[in-house]
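Trainee: Take a look at the letters that make up each chain.
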Amino acid sequence: MNSHPIDIKINPKHTNRRIWLSSASKYLFSLSTVFALVVLGVLIYRIVSDSIGWLNFDFLTNNLSIFPEKAGIKGAIIGSVGLMLVVIPVTLILGVSTAIYLEEYAKKGKLQRFIQINISNLASVPSVIFGLLGLAVFGRALNLGSSILAGGLTLSLLVLPIVVVSSQEALKAVPGFLREASYGMGAGKWTTIRKVVLPVALPGILTGSILAMSRAIGETAPLVVLGIPTLILKIPSSPMDDFTALPIQIYYWTLDTVLTAEYANLAAATIIVLLGVLFILNSVAIVIRNKFQRSF
Amino acid sequence: MENEKSLQIRNVIQNNIKQRGHRADRLMPVVFLMLASISIFTTAGIVLILVTDSIHFFSDVPIKDFFSTRLAPLNAKNPEFGILPLINGTLFTSLIAMAVAIPVGLTAAIFLSEFASEKIRRVVKPIMEVLAGIPTIVYGFFAYSFVTPILMTLIPNLGAKNVISPGIVMGIMIIPMVASLSEDAMSSVPKAMREGAYGLGSTKLEVTLKVVIPAAISGILASFVLAISRAIGETMIVAIASGSSKNFTFDLTQSMQTMTGYIVEFTSGDAASGTTGYYSLYAVGLLLFLFTMLMNLVAQYVSRKFREEY
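Chains as they are written, first to last, in UniProt numbering: chain F, 1 to 296; chain P, 1 to 310.
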């Protein structure tokens, strides 16, 4: 064995520079997160300060008006609630069923993979395209126009992939021995799913569904594409009525700031209400995740 | 007592076996398959509607006129449907967004994955999630009523509607997406590789730049491509802040309309069913759909092609 002596020359200056560079880069990289933090702070500060004096009880309970001082978002709140009343049952039934099929019944094969790929592709289709789908199918072909039902069904298809994927995760997390115990008791597949698998997976399914709801409630583009009229003074009373919703109202009021600057205050106040709703939804999701998630 | 319990269990088992082969067990798979196929019908519906209505459109407007720079859909006498102004608007807003989202998102990912302590990570990650969860309409309001006025004091001749402000805000919106996808890629690089490099005397920065990033490059590049796809499809920010000018221009300080902005503006006006204008929505939608699908395919290809297996 003839080994070459390794010639290491350590230049302390060079080493020091490398170490200095490394620790300096930490602060450089941390700047990006500071930037995100600052933007979030400025955004919230700006919206809150715009809405001060405008966000009060009257604002929540008044109807729309062409006079900014009198305008309220009662109609938009009812419209958004109406949308959710359509979206929640439709996405839960479709989403959970799809997840159950994919996780519990489908054989690993072409059909299962096809549906799975299809769902992940759907998740990346821009929301405005769902608006075009809704306009052609629900709005025109089924003649639902720009009603709550048409808007709700459009939003349901939009958030369906989120519900499917999160429900799949929840079903996957149910340990195999629970199923086996159930089969061991002579239970059939459907009984096992209904009485063993679903109750255990329920918190996970609910968490994912609530997050999907919070996506749907802030979604604007598909509703605008459906052709929601600019000013609706009538409060919707049935799913077939025309409506306005919180994000739509923000959109039109933001565009209206060209007319009077006060519309910006209305938009900001509506944003606070929307963000408040999102905050509550997300808090509920976190509570469900932490409280009811069983571990085995 | 013991006997009674086992009797009960036996009863349950007997009961269960009696119910076996029950209609439900044969029926439910079919029901679930039918409900699961709704997602396939949705995709099929999107493609079918975009294609058929685009065929209607192209029977009225020759393809040559579609790829022109002249766009005037509401001109009563002589409507023109050139898409190049819209592609221009989409391209520039997306480019500006990428110029913000990629550097900030990637450095945030590096910081979170390699440099930050667990404590900082626990504070920063939820903040990123909040940024990602804010509806785009809120970002649109922010761009138009806050960022644009600030930029107007910095850049002379900046229009109230312009491309720069929505581009920047769209970039901010996409930062969390780039950061979290890139961070996932980087934190899945095995620890042993980092330790090997440290053992040879590397500094943290050298490990990051020469070991972790090359190893995670497939995931990082895929996150960039997905971010582009997101920017192309983003609607409300550009609909509000970049306006609806249909001029073919390269002047970023002025209004440009994106493809998504066109769809939103034109339907919320009265696009009567069956007119060329109505069908033009679907032609633009088809192009938008193809662009985003292409980006997703590229992302999948990139993450497969450059994947390093450890």
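Hints are computed from structural coordinates only; laboratory data are not their basis. A few of these clues could be false.
[Said to hold, decoys possible] According to the in silico footprint, chain P covers these stretches of chain F (three or more CB under 8 Å from chain P):
(1) 25 to 31
(2) 44 to 58
(3) 80 to 88
(4) 125 to 137
(5) 270 to 284
[What the hints assert, rightly or not] Computed spacing ranges between beta-carbons, pair by pair:
(6) ALA141(F) <-> MET293(P): 41 to 49 Å
(7) LYS172(F) <-> ARG307(P): 22 to 30 Å
(8) VAL31(P) <-> VAL258(F): 46 to 54 Å
Glycine residues also receive a C-beta, built at the ideal position from the N, C-alpha and C atoms.
Trainee: Next step is simple, just say for each hint if it's right about the structure.
Mentor: Going through the hints against the structure:
Beta-carbon proximity to chain P at under 8 Å applies to 6 residues in the segment 25 to 31 of chain F; the threshold of 3 is reached and the given coverage holds. Residues of the segment 44 to 58 of chain F with a Cβ under 8 Å from some Cβ of chain P number 3, which satisfies the need for three, so the listed coverage holds. Taking a C-beta to C-beta cut-off of 8 Å, the segment 80 to 88 of chain F contributes 0 residues in contact with chain P, too few for the three needed, and the coverage statement is violated. Remark: the segment 125 to 137 of chain F is confirmed as covered by chain P, as 12 of its residues place a Cβ nearer than 8 Å to a Cβ of that chain, reaching the required three.
For the segment 270 to 284 of chain F, the proposed coverage by chain P is satisfied: 5 residues have a C-beta within less than 8 Å of a C-beta in that chain, meeting the threshold of three. Here the CB-CB span from ALA141(F) to MET293(P) is close to 24 Å, at odds with the stated 41 to 49 Å. The supplied range of 22 to 30 Å is met by LYS172(F) and ARG307(P), whose beta-carbon atoms lie about 23 Å from each other. A C-beta distance of roughly 52 Å is found between VAL31(P) and VAL258(F), which places it inside the suggested range of 46 to 54 Å.
Against the hints set out earlier in the document, violations occur for numbers 3, 6.
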